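2 protein chains.
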Amino acid sequence: MAQWSPPPVETTCYPRGFRAAATTCGIKPSERPDLALIVSETLSSAAAVFTPSRFAAAPVAVSRRHGHNGVRAVVASSGNANACTGERGERDAMAMCAATARAVGAAGPEEVMVCSTGVIGVPLPIERIEQGIAQAAEALSATGWDDAADAICTTDAFRKMVGRRWAVGEREVHLIGIAKGAGMIQPDMATMLAFLATDARVEATLLKPILQNAVRRSFNSISVDGDMSTNDTVILLANGAAVNEPIVAATEATEQFDNAVCGVCTELARMIVRDGEGATKLVTLDVSGARSDEQAHRAARAVANSILFKMAILGEDPNWGRIAAALGAAEVEVHPDACSIAFEGTRVLDSGRLVNADAAKLAAVVKKPEFAIAIDLGTGGPGQATFWTCDISEAYMRFNADYRT
Amino acid sequence: MAQWSPPPVETTCYPRGFRAAATTCGIKPSERPDLALIVSETLSSAAAVFTPSRFAAAPVAVSRRHGHNGVRAVVASSGNANACTGERGERDAMAMCAATARAVGAAGPEEVMVCSTGVIGVPLPIERIEQGIAQAAEALSATGWDDAADAICTTDAFRKMVGRRWAVGEREVHLIGIAKGAGMIQPDMATMLAFLATDARVEATLLKPILQNAVRRSFNSISVDGDMSTNDTVILLANGAAVNEPIVAATEATEQFDNAVCGVCTELARMIVRDGEGATKLVTLDVSGARSDEQAHRAARAVANSILFKMAILGEDPNWGRIAAALGAAEVEVHPDACSIAFEGTRVLDSGRLVNADAAKLAAVVKKPEFAIAIDLGTGGPGQATFWTCDISEAYMRFNADYRT
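One line per chain: the protein sequences are A and B, in this order. Sequential numbering from 0 applies to the first sequence in numbering that gives the first Met the number 0. Sequential numbering from 0 applies to the second sequence in numbering that gives the first Met the number 0.
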């Protein structure tokens, strides 16, 4: 999928009242930009979702405590995750917030969220980062989003950025999202980060459930290698600069907003899977017939993370036995006698019975760079989930084994 | 690890009153032996452990119902798993039991356990197998164990067989174990099988708990690729032909027997990891400081199955950040501030603090074909577990991706 490149984002989608910038502090050995700054001109409402890892990095611990009364800025460094760095790591993360608050004129460090991504277990070069924050603040501009999106990348093959605009009443509102991650996961380059900013006026209490739902259906519904990061963070900021009629619960405007956030997250998530180090296929798993959506999600995750399934995809082999084996091992209710599996509409298992499917048709499906597999768990329940996964190729292996050696 | 070959088993360990044989039915395209028969001259006590997969294969379903009043024979075919084969699969598995019962003079098919291993989703060539059973019965001999061990292999690189003998009072007793599996897992060659036979007289009710404990500490404490099979089966037969003073609960003789069964299972399990398709390293994970043994086991499994950890091992990289990431994501109580990680005694994380470990020493450890990693979860609890894992190499990938394509 190396040829694939994401569509550009029109600047007409950029939200008002936000500025962004990037700079180079020398954290990355490549000397590419490694510090991103996102600033809201006014205090914005915020919601965030963090990694549940018990080894959550210092910036995650600090950001969890911040932003409860609004956010003025997000600062993100890349090349070093500031994870497993103990008390010093936490001091450094707090220093990043303090330097950012000073540079952008925030009331205090608690109005700043901080993120880091990169190598685990190495202290940050905090002085250089503090200088970088001051430099980035000088460079802030309303069109700096592409620079910020580039600066949060580590080993990503391409920039991940998605925009939306739509009307709320008489006013046009805007939403932008940027993300980094090529997998959950890089060799020590753990971390998936995503930042969304909108100028829509939204009832503050709506942000959290809307973001949580979007994350569940996007960033938590992808698999590159099944590993979870110490730094995963998704932040949604809403500053109200569009001065629309406020979006309040249970209205059509909420539904539009929900769809926009979910859509931006899903597109970013699919980009992360496409960028899965060395991946050659993007496979959509549509699971239905589960007892609940949660059960469907769990079944999809089990298939998506099965190494043997990933190998079958790499080998362009419609080897559904590996899907059955993964489902059978998942802690999920599945009725083998009623289970169905289809590759882009061509059934190979129909209510538990083997189907003599057209081998040429199946071979053509799995040769495509993108295809979908439908799985009915056969319980008769209403649960369903959509999940995206990729293969693991020799390139992934070389990259992840040879790094550092 | 291709150079490694298992030590031979002396025929003096072969248990009395058992005969074994192999034959070729033409299930395997290679035309190598593909049917194994193990027969006890008298009705033996038996215990078995089966895969918990919801897609358990037909022979698993049939064997679960058999042997409750004793076992005369075990029949195993290789090259075809008879899994996901519906009602026909179950009829075929029952036909194998019936043919075996006739051939060896058992009272009925319920005295026969049946196993299959190989490709999923393809019906068995049952007529040829029935002929093969009759042929194998003609070939039975007290020294046929090596033939049987070869016949259950699919893509295994070497035969897996372990023997023990020891004294119970005045009498010498014998235990033999054979296994197949190169991973949990082969390309469609799912299934780990193991058969243990002893001539010791053992109280029948002891067999099940002793086998369950041994399986937990051996076959359930290994990871090649984290995938679970549809056909995994471990069977222990005890026919009492050694005519020793019966081994009864809570005696030294029980402890000896327990150690022997556990030792044979552990050696067979380690052979399976060594044979992990293309694996280059055998890594022992010693987890301690867990709330319970079960928690320690779960933590070890999470590290052992992490793709990124396996890649680090392949790359000979003492990259403990991937261990921390896997522990952080596991559903296990771990105290990062008190957690320690050491490579063969060289600590890299000491009660949550980074250690500037001797890099040359660490590099030397991970270059070895076998080494151990100790992990203390830092809860202060008594739980511990030992787990064996291996890397995933380009050879695994080529083998599992290219198969069938």
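Treat the hints as calculated values from the structure; they're not laboratory data. Since the model is a prediction, treat every value here as computed from it, not as a measurement. Keep in mind that the hints are not guaranteed to be accurate.
Residues of chain A clear of chain B, computed beta-carbon distances all greater than 12 Å [to be verified]:
hint	residue
1	T10
2	T50
3	R53
4	E86
5	K207
6	T250
7	K309
8	N318
9	A324
10	R352
11	L353
12	E393
Taking lysine-lysine pairs in the DSBU-like style, the calculated list, with each CA pair at most 35 Å apart, reads [what the hints assert, rightly or not]:
hint	chain 1	residue 1	chain 2	residue 2
13	B	K27	B	K207
14	A	K27	B	K367
15	B	K366	A	K27
16	A	K27	A	K207
Beta-carbon label-pair distances, calculated as ranges [to be verified]:
hint	chain 1	residue 1	chain 2	residue 2	range
17	A	A138	B	E369	24 to 32 Å
18	A	A337	B	T250	26 to 34 Å
19	A	A358	B	P51	44 to 52 Å
20	B	A362	A	R64	37 to 45 Å
21	A	R352	B	E343	46 to 54 Å
22	A	T250	B	R63	53 to 61 Å
C-beta atoms are modelled at their ideal positions from N, C-alpha and C, and glycine is treated no differently.
Structure-based check of all given hints:
1. Once the 12 Å rule is applied to beta carbons, T10/A is consistent with being away from chain B; the minimum gap is 37 Å.
2. The non-interface label for T50/A is inconsistent with chain B: the shortest C-beta to C-beta separation is roughly 8 Å, within 12 Å.
3. With a cut of 12 Å on Cβ distances, R53/A falls inside the contact zone with chain B, its closest approach being about 5 Å.
4. Not every C-beta of chain B lies more than 12 Å from that of E86/A, the closest at about 9 Å, which undercuts listing it as non-interface.
5. No beta-carbon of chain B is positioned within 12 Å of the beta-carbon of K207/A; the least distance is around 23 Å.
6. Even its closest Cβ contact with chain B, about 38 Å, leaves T250/A beyond 12 Å, as expected for a residue assigned away from the interface.
7. For K309/A, the non-interface assignment is contradicted: its Cβ lies about 9 Å from the closest Cβ of chain B, within the 12 Å cut-off.
8. Remark: the non-interface label on N318/A conflicts with the geometry, its nearest Cβ contact in chain B lying 7 Å away (cut-off 12 Å).
9. Against chain B, the non-interface label of A324/A is violated: not every CB pair exceeds 12 Å, the least being about 6 Å.
10. Under the 12 Å C-beta cut-off, the non-interface status given to R352/A relative to chain B is violated; the minimum distance is some 6 Å.
11. The Cβ of L353/A does not lie farther than 12 Å from every Cβ of chain B; its closest approach is about 6 Å, which violates its non-interface assignment.
12. At the 12 Å boundary, the C-beta of E393/A falls inside the reach of chain B, the nearest C-beta of that chain being 6 Å off.
13. With a CA separation close to 33 Å, the supplied pair K27/B and K207/B stays within the 35 Å bound.
14. Taken as a hint, the K27/A and K367/B pair is honoured in the structure, with Cα atoms around 32 Å apart against an allowance of 35 Å.
15. For the given pair, K366/B sits about 28 Å from K27/A by alpha-carbon distance, which is consistent with the 35 Å threshold.
16. Under the criterion of a C-alpha separation no larger than 35 Å, the hint pairing K27/A with K207/A is consistent with the structure, at around 33 Å.
17. Checked against the hint of 24 to 32 Å, the pair A138/A and E369/B fails, with Cβ atoms roughly 53 Å apart.
18. Remark: the range hint 26 to 34 Å for A337/A to T250/B is contradicted by a beta-carbon distance near 50 Å.
19. Checking the proposed 44 to 52 Å range against A358/A and P51/B shows it is violated: the Cβ atoms sit about 32 Å from each other.
20. A362/B and R64/A have their C-beta atoms about 39 Å apart, which keeps the hinted 37 to 45 Å range intact.
21. For the hinted restraint 46 to 54 Å between R352/A and E343/B, the CB-CB distance of approximately 53 Å keeps it satisfied.
22. Between T250/A and R63/B the CB atoms are about 56 Å apart, so this pair conforms to the stated range of 53 to 61 Å.
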